[in-house]
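Please model the entire structure based on the sequences and the hints provided.
These protein sequence lines map, in sequence, to chains A and B.
For what it's worth, my numbering labels the leading residue of the first sequence as 1, then goes sequentially.
For what it's worth, my numbering labels the leading residue of the second sequence as 1001, then goes sequentially.
Worth flagging that the hints you see were computed from the coordinates, not collected in a lab.
Everything numeric in this text was worked out from a predicted model, so none of it was measured.
Just so you know, not all the hints are guaranteed correct.
Straight-line alpha carbon distances no greater than 30 Å define the calculated DSS-like cross-link-like pairs of lysine-lysine that follow [claimed, not checked]: (1) K1056(B) / K141(A); (2) K173(A) / K1027(B); (3) K419(A) / K379(A); (4) K173(A) / K1076(B); (5) K1265(B) / K277(A).
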Amino acid sequence: MGIIEKKFEMPVQSPGERIHNFGEVALGYDEETALLEAGRCLNCKNRPCVSGCPVNVDIPGFIQKIRSKDFEGAYEVISRSSSLPAVCGRVCPQETQCECKCTMGIKYEPVSIGRLERFVADLHNNSCAVKADTPVRNGHKIAVVGSGPSGLTCAGDLAKKGYSVTIYEALHKAGGVLVYGIPEFRLPKKIVEREIEGLRELGVDIQTNVIIGRTLLLEELFDMGFEAVYIGSGAGLPRFMNIPGEGLNGVYSANEFLTRSNLMKAYLDYPVTPIMKGGRVAVVGGGNVAMDAARTALRLGAERVYIIYRRSMEELPARREEVEHAKEEGVEFMELCDPVEITGYENREDPGDQRNGFVRGIKCRRMELGKEDESGRKKPVPIPDSEFVTDVTAVVIAIGTSPNPLIKSTTEGLIVNEKGGIVVNAAGKTSLNGVYAGGDVVTGAATVISAMGAGKTAAKAIDEWVGRQ
Amino acid sequence: MYRILTKKSLNYNVTQMEIDAPLVAAKAKPGQFIILRVDQGGERIPLTVAGIDKEKGSVKIVFKVAGSTTQILHYKEVGDSLCDFAGPLGNPTRTDGLKNVCVIGGGVGCAIALPVAKELKEKDARVTGIAGFKNEAQVLLEEEFRECCDDFYLMTDDGSRGAYGNVTLPLKELLEKDERFDEIIAIGPVVMMKFVTLVAKPFGIPVTVSMNPIMIDGTGMCGGCRLTLNKDGRREIRFACVDGPDFDGYEVDFEEALNRSRMYKAFESHAYEETCHLFSKIKD
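So this is what it looks like as structure tokens:
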């Protein structure tokens, strides 16, 4: 068989159909396609893909298992390094990680590592109810703060080593950003639940409704007999633009908009938690969260959805696949636009007008790209007298978050940087003994996989630290 | 699960419940709040702590039956459990070092003002209490208030109990008589807090207001509870859940807060009606 230059396509729900439901967009490879795609792997000697993966999954190893039709074996290879394969196969930005290093990618399209990972994980989850072997307990207790990807990974790795791990989650449901942030159509919550169930099978105890820094203080965890603590409490306060009109009704942070829809199920026909449905929605920002918000708005019945981004399409930080899906679904991209004001409805003649105090439009100025800034990207510069107003009924601001402030404000001696992120060394250790941290609470908003990588690194460091005590 | 230990009607549509929540009770202080869900699939609602029993490990909540969730909660009985009860959230009301304080409560806000007044009394402050209600039927916790206040003024909008008028009347009178409070603490409807601030302003007395905006997570994640402060001419965004719920009344943009509190009014009244129908069907 000659070289197949392109990736095998993954079947998807058609755009016209999927904008009316919250079902998953991408439907996954079948066995035949997975075997064909696995056949594209050159199994090259230097294995560059592995170094592109933040948790160093043995990628050629699992692909070879697929080729020999040992799918469960493939799953075992992945789960040696990753505790959330079904999640990562769906949400990792493979094009900037493993796949961008793929040797095939030098001349052709890289092997679709993400789709293969997803295939293996889904097959395992659908066919296998096998209980994980509960590891022999080593008698040491570790507390993990937050049940997002970072905390789950750290907890999973430590539990596999025999530690008794308790996860404290502030919300009523475990999963962190996987349940409140990433929408159902991109990551079905059933998959997250299944992964969390797997951790429970490993003996991990998950306590919901406990806010570390409020319900229990960090230092109290040590009094309770925990020997080390991992803080993975995630991104915190959403950023706003500090322009007039952000207090109007109909202006959401992406966190709020997505939490209402995902965690509180406001997308259902008869929700208990409200959300603005329909209308014309502007989403400000160009990351994955912005794409999620825009595509959620469409599915909630919006007539028009705009993505407003101050740089050009080429600089969009979102995953390519999400951008493509968003375009197919009809999201309109307003590139090189920078909001300067959100305007509100104000009927002075009738103070009882229901629309008063709600969003009416968003005023933007046009930008052009200037010289490269310190991030190496071309800096957007405003074009004078280029302001224009777009009529919208809701605005979702998806320009990032600052790290969660709760723990640092109630823990003495925990050093944070000027942006509020907890300062850690390469092993994930904070300024306090026995306290480790990773994920968004350290870096500010980043990816699921980098948070998992941090959880993994810290688990190793915690194991070494406890061993030395 | 968080069991309901006691349940009591404070007036015809305000209910007090004591919830078994030892971890929350161990930490909670007046001014902080909790977030609860009554049932799986239910809405998260924030309620300010109305009392704490550290020995018993329980927290008191007081709520007015106003929306769908409070209605469902109202139908729960002693021995039933709430599925989620998380807290304490927000910062406690600052009471240290205050010697002469005016505590003002409006409507159901009086239930939250009461523990603040009690704490001040325990710290030997002189407490002047002003409680305002629409009418006699809405009056609640009158005796408890009298007990912990050195002076107490009860006001109703229609004069059906106590004196006629709103809470700003006795406040203004006291201030004009040169009563120099260290601080005024106002807890109640946004409009009331706005007018308390306006009345106090010419006298230069600090006003603390307790903001209770729409919230989801309550831990500084969603940003739904944001409000705007005017700080020396600059407008700054703050989050009630982690920066508050208490704020300097002179800085709060009350108009914006009032507008934001109305965002889901139509949805809420519809949901309330739906729940009413549901309960009337169950009763039938």
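Going down the list of hints, with the structure as the test:
no.	hint	in the structure
1	K1056(B) / K141(A)	29 Å, holds
2	K173(A) / K1027(B)	22 Å, holds
3	K419(A) / K379(A)	21 Å, holds
4	K173(A) / K1076(B)	23 Å, holds
5	K1265(B) / K277(A)	15 Å, holds
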